[in-house]
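Asker: Sequences listed follow chains A and B, in order.
Sequential numbering of the first sequence, starting at 9, is according to this note's numbering.
Sequential numbering of the second sequence, starting at 3, is according to this note's numbering.
Worth flagging that the hints you see were computed from the coordinates, not collected in a lab.
Mixed in with the good hints there might be a few duds.
[Stated by the list, open to error] Think about it this way: if two alpha-carbon atoms lie no more than 30 Å apart in a straight line, the pair counts; the simulated DSS-like pairs of lysine-lysine are:
1. A/662 to B/73
2. A/307 to A/273
3. B/152 to A/662
4. A/739 to B/148
5. B/152 to A/739
6. A/273 to A/93
7. A/662 to B/171
8. B/185 to A/739
9. A/235 to B/152
10. B/126 to A/662
11. A/662 to B/101
12. B/126 to A/752
13. A/662 to B/92
14. B/28 to B/92
15. A/752 to A/729
16. B/28 to A/307
[To be verified] To give an idea of the interface, some chain A residues facing chain B are shown, with a C-beta separation under 8 Å as derived from the structure:
17. 90
18. 268
19. 424
20. 623
21. 667
22. 712
Since the model is a prediction, treat every value here as computed from it, not as a measurement.
Glycine is no exception: its CB is placed at the ideal position from the N, C-alpha and C atoms.
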Amino acid sequence: MTKKVTIEYNDRIVRQFMLASVLFGIVAMLVGVLIASQLNFHELNLAKWLTFGRLRPLHTNAAIFAFVGNMMFAGIYYSTQRLCKVRMGLDWLSNLHFWGWQAIIVAAAITLPLGLSRGQEYAELIWPINVAVALIWVVFSVNFFITLHRRNEPSLYVALWFYIATIITIAMLYIVNHLSIPTSWTHSYSVFSGVQNALVQWWYGHNAVAFFLTTPILGIMYYFMPKAVDRPVYSYRLSIVHFWSLVFLYIWAGPHHLLNTALPKWLQMLGMFFSLMLWAPSWGGMLNGLLTLRGAWDKLRTDPVVKFFVAGVTFYGMATFEGPLLSIRSVNALSHYSDWTIGHVHAGALGWNGFMAAGMFYWLAPRLWGTKLHSTAAANFHFWFGTIGILFYVVAMWVSGVMQGLMLNATTADGTALQYPNFIDTLQAIRPMMGMRVVGGVMYLTGFIVMLWNLLMTIRNGQPVNETREITVEVEAEQDTMSWRDTFQNDPVLYSMGALLLLMGWWFLPQGANLISLLCAVAFGWLAVRKFQVSHGTWTTWYERLLHNYLPFTVLTFIAVVLGGLIQLVPTVTVNRAKNIEDRLQQVYTPLELAGRDIYVAEGCYNCHSQMIRTLVPDVLRYGDYSRLGESIYDHPFQWGSKRTGPDLAREGKGPSKKSNSWHYKHLMNPRSMSPGSNMPNFAWMSESPFDQKALPAKIAVMTTLGVPYPVMEATEIKMKALEQGVTIAKNLADEGIVVMPDKQIVAVIAYLQKLGHYDVPELENRLGTTPLGVPLPKPGSPDGYRAAAVLK
Amino acid sequence: MSIPSHSKEPELRAHVYDGIQEYDQKLPNWWLFTLYIMIVLFVIWWAGYYQFGMGRTDGEVLDAVVSQIDKAREKELESIDDAKLWSMSKDPEVVAAGKATFMTPGMCVTCHGPDLTGTLGGAKLPGLPLNDTEWKHGGKPVEIFKLVRKGAPDVTKGMPAWEPALGVKRVAEAVAFVLSLHKEGEPVTLAADAPGR
């Protein structure tokens with residue numbers, strides 16, 4: 009039984025999201041060009057709200073959430089309605105989603121330059137905006153799932169799988185990483201600190217790349233690529249294998265942002281090897297995209313849409329090959345904190361995201377406005393100019409990253425000292441490359457501006473069209489009838505779960521028991537393969553049924569993405585707490601130092617300065633003894649950083665790196681007076697603006713709630729302590745001929761910088777997890793604990 | 003390896019999604035092996051490190067190298083005394099090398115000034131003058147040498163330690179350069195605010 013239904017698609021919302029994406033894309037790129045130029049010309053830090061530290065978060069947030077976010081919503085809203093043969097959910101939800109999202113972007117564009125920041129990368133927005141993002145994401149999810157629920161097409165196409173994975177995973181990541189306790193309407197402290205914060209942050213940060221910049225765009229590729237080339241998708245079974253392996257493996261790879269740091273080794277090993285295992289699943293997406301063109305390669309010569317898609321997918325392949333490479337610990341020792349990483353993300357952002365967006369916009373515009381594209385020649389110009397721009401950018405960053413990495417790691421002939429002890433020398437060497445990246449960025453931006461013109465001309469020639477289609481619906485379709493028992497009690501799910509459980513036993517059980525677990529896992533895997541060979545017909549049929557049931561599909565996807573995070577985060581959140589830290593414990597910040605730290609975080613110093621000396625000889629020679637877990641255990645948020653445009657500051661206040669107060673004063677006022685050739689902005693206003701004394705009691709109260717051992721202090725006592733310490737520093741500066749009031753920001757920042765690297769060594773008997781002789785006891789659920797115990801025997 | 007036959011079209015799935023169809027091609031072997039090899043590598047690596055205790059921890063590797071470096075530096079230090087530093091200060095090559103280190107932007111020159119007076123254009127710099135005979139931490143060549151190596155006792159008010167970044171040789175050369183502007187046996191006074199005085 010079938011019946012005919014007439015549907016009017018909601019194409020208005022697609023047009024809105026598309027135009028917002030183009031507009032915010034150009035804004036994001038403009039800011040990018042400005043901050044890239046600031047690296048060579050510090051004078052371009054024109055005002056305190058236009059400094060690199062404040063604008064770089066604006067650039068990344070705008071590129072990710074405003075540009076790619078709006079593009080993703082346009083693509084999802086266009087394709088989901090058509091793949092489900094039903095109008096998008098509820099119109100008011102669609103509108104609320106659109107306007108809510110734009111309001112969030114505007115709020116971000118105002119608060120970030122004002123220096124309101126949570127101080128974690130791509131998670132800088134302050135807590136009221138976080139709440140708004142979460143709510144609007146729920147609006148989007150509800151709208152999307154209503155559409156799925158009402159669908160007139162029983163089976164879910166692969167694009168929808170990726171959209172589902174995107175929606176649930178981003179909700180999970182965003183909420184967990186933004187858990188914080190407010191101290192005021194504009195400030196909060198992350199509930200996580202130190203290593204826990206680092207791990208949660210990069211679980212989020214890496215998977216923002218995975219589930220915000222990759223999976224939705226793969227879904228868009230699966231819809232628009234076959235449409236544009238009018239060919240069938242290359243392989244359905246490749247879709248299945250690469251989808252499930254991608255969403256399962258990706259979530260584990262976060263720790264590769266923390267290689268060679270104080271992060272426990274087992275997490276580093278998981279981060280590195282899951283990144284390597286991720287290589288094939290990522291390339292599965294590339295293969296399915298590129299091989300769809302088989303038999304239609306001639307379109308590549310004539311159709312700019314296909315050009316953009318093919319180049320975009322190729323850049324995706326390049327970036328996802330480079331990613332695993334950079335995750336190898338020894339490669340990472342060179343590349344991390346350098347421009348190589350910056351080049352890598354831009355190959356993805358400009359090449360994959362930007363070009364997929366452009367291809368989609370050129371395909372959509374004629375259809376949404378019922379006309380043809382105004383100028384194919386201009387689109388071709390955009391393509392070539394943009395491609396050359398990306399190559400300029402990426403090659404410059406490769407050269408810069410490798411060169412600076414090698415210079416920073418170089419030692420003198422006898423290996424006892426650094427070849428380039430002055431960090432500035434390595435900065436001067438890459439200045440031409442930083443210039444070349446601006447050229448590449450400007451070219452890419454120019455291409456986008458040409459696209460804007462081309463789209464506007466197309467719009468002028470046409471009229472907005474809302475497609476109306478008459479479709480045939482099967483009245484008694486078998487859809488959404490699967491029981492929960494059928495969802496879980498079947499071979500594919502049970503075998504996967506069993507294998508994972510045994511693998512966990514191998515990782516976390518004590519020596520001996522874990523070996524048995526591994527052998528069981530291998531045997532179990534062999535059994536699963538046998539079973540699949542014998543009866544893969546039933547596996548296929550079950551999966552086909554799963555595709556007819558959106559809720560079971562969503563639940564299984566959620567389980568696949570939640571596992572990696574749980575296994576990595578839970579032991580760290582429970583084991584790596586202050587009471588379990590063995591050898592070193594950070595000294596608690598005084599009120600003044602805390603005020604200084606909050607200024608450091610708000611100004612975005614972490615964008616250029618790390619606070620993590622890695623377990624690498626050049627790091628130790630340059631910055632001192634390598635950082636231990638306990639040394640940042642009270643840091644809410646952690647400031648380990650991800651890029652060293654300037655030197656590491658983990659031991660800035662102690663040991664060989666320590667400098668006098670007057671040095672810091674002069675350096676903050678004008679970095680070039682102490683460090684000729686530096687590209688750091690002047691922070692001269694800090695000597696005039698007072699730090700926020702009033703906020704301190706609330707901040708310390710929240711810190712105490714979070715477990716930082718502050719002594720009990722009255723509000724007046726806190727303020728007085730802050731001022732007393734300020735007076736000491738101001739007096740010391742006065743001895744050097746510098747006049748500054750003790751309540752100024754610069755005094756607080758100096759106090760903070762001078763505190764960096766101070767720790768206590770707890771008495772042996774007070775350390776948990778060690779025998780009286782100081783031998784570490786094996787820690788339950790910590791592979792490193794078991795190894796240490798086994799090796800000592 | 004079987005040769006792909008062109009006579010047999012790959013299987014096209016019956017279902018059509020909004021006009022989109024899908025083939026059901028076999029997974030490419032090289033692709034599968036990329037995945038398998040990475041999984042096997044992971045198992046071997048993890049088993050080697052955690053099961054069989056192969057390889058050292060990062061801390062062990064680092065401590066070994068650092069103790070080697072420390073030994074090499076100690077050996078370099080053994081030969082350095084007042085006489086050696088004075089004689090270095092008379093070797094033009096050593097002095098030139100020391101001067102280059104001293105005058106590198108961001109190094110000694112930043113705080114002690116290009117003319118070693120501790121001032122720049124009349125303005126006081128954070129560093130003390132090195133061209134007079136008053137010394138805050140002792141004026142004997144080994145005392146100066148130690149101060150440059152290890153930094154001032156209270157660094158908040160003075161000199162950072164330079165040995166970790168520069169190494170023994172370059173520190174000795176820089177000290178030799180400073181000494182080359184002094185005379186062996188000249189009277190040395192201790193500053194009024196010298197620690198321990």
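Asker: Give a verdict on every hint.
Answerer: Comparing the hints with the structure gives:
1. At most 30 Å may separate the alpha-carbon atoms for a hinted pair to count; residue 662 of chain A and residue 73 of chain B meet this at roughly 23 Å.
2. For a cut-off of 30 Å, the pair hint linking residue 307 of chain A to residue 273 of chain A is broken: about 49 Å separates their Cα positions.
3. Between the alpha carbons of residue 152 of chain B and residue 662 of chain A the distance comes to roughly 12 Å, so the proposed pair stays at or under 30 Å and holds.
4. Between residue 739 of chain A and residue 148 of chain B the alpha-carbon distance is near 29 Å, which keeps this suggested pair within the 30 Å criterion.
5. Taken as a hint, the residue 152 of chain B and residue 739 of chain A pair is honoured in the structure, with Cα atoms around 26 Å apart against an allowance of 30 Å.
6. At roughly 50 Å between alpha-carbon atoms, residue 273 of chain A and residue 93 of chain A are farther apart than 30 Å, so this suggested pair is violated.
7. Proposed proximity of residue 662 of chain A and residue 171 of chain B is supported: the alpha carbons are some 24 Å apart, at most 30 Å.
8. For the proposed pair residue 185 of chain B and residue 739 of chain A, the alpha carbon gap of about 37 Å is over 30 Å, so the pair is violated.
9. With a CA separation close to 69 Å, the supplied pair residue 235 of chain A and residue 152 of chain B exceeds the 30 Å bound.
10. Proposed proximity of residue 126 of chain B and residue 662 of chain A is supported: the alpha carbons are some 25 Å apart, at most 30 Å.
11. For the hint linking residue 662 of chain A to residue 101 of chain B, the alpha-carbon distance of about 27 Å falls within 30 Å, and the restraint holds.
12. For the suggested pair residue 126 of chain B and residue 752 of chain A, the alpha carbons sit about 23 Å apart, so the restraint of at most 30 Å is met.
13. With a C-alpha separation of about 35 Å, the suggested pair residue 662 of chain A and residue 92 of chain B falls outside the 30 Å cut-off, and the hint is violated.
14. Restraint check: the Cα-Cα separation between residue 28 of chain B and residue 92 of chain B comes to about 79 Å, which exceeds 30 Å; the hinted pair is violated.
15. Between residue 752 of chain A and residue 729 of chain A, the direct Cα distance comes to roughly 14 Å. Compliance with the 30 Å bound is thereby established for this hinted pair.
16. Using a Cα cut-off of 30 Å, the hinted pair residue 28 of chain B and residue 307 of chain A holds, with the two alpha carbons roughly 25 Å apart.
17. Residue-level restraint check for residue 90 of chain A holds (minimum Cβ-Cβ distance to chain B is 4 Å; threshold 8 Å).
18. Restraint check, residue 268 of chain A versus chain B: the minimum CB separation of about 7 Å is within 8 Å; hint holds.
19. For residue 424 of chain A, the interface hint holds, the least distance from its beta-carbon to any beta-carbon of chain B being 5 Å, beneath 8 Å.
20. With its C-beta approaching chain B no nearer than about 4 Å, residue 623 of chain A sits inside the 8 Å limit, and its interface hint holds.
21. At a threshold of 8 Å, the smallest CB-CB gap from residue 667 of chain A to chain B is about 6 Å, leaving the interface hint in force.
22. Against a cut-off of 8 Å between C-beta atoms, the interface hint on residue 712 of chain A is violated, since the closest Cβ of chain B lies about 29 Å away.
The structure does not agree with the numbered hints 2, 6, 8, 9, 13, 14 and 22 stated previously, though it agrees with the rest.
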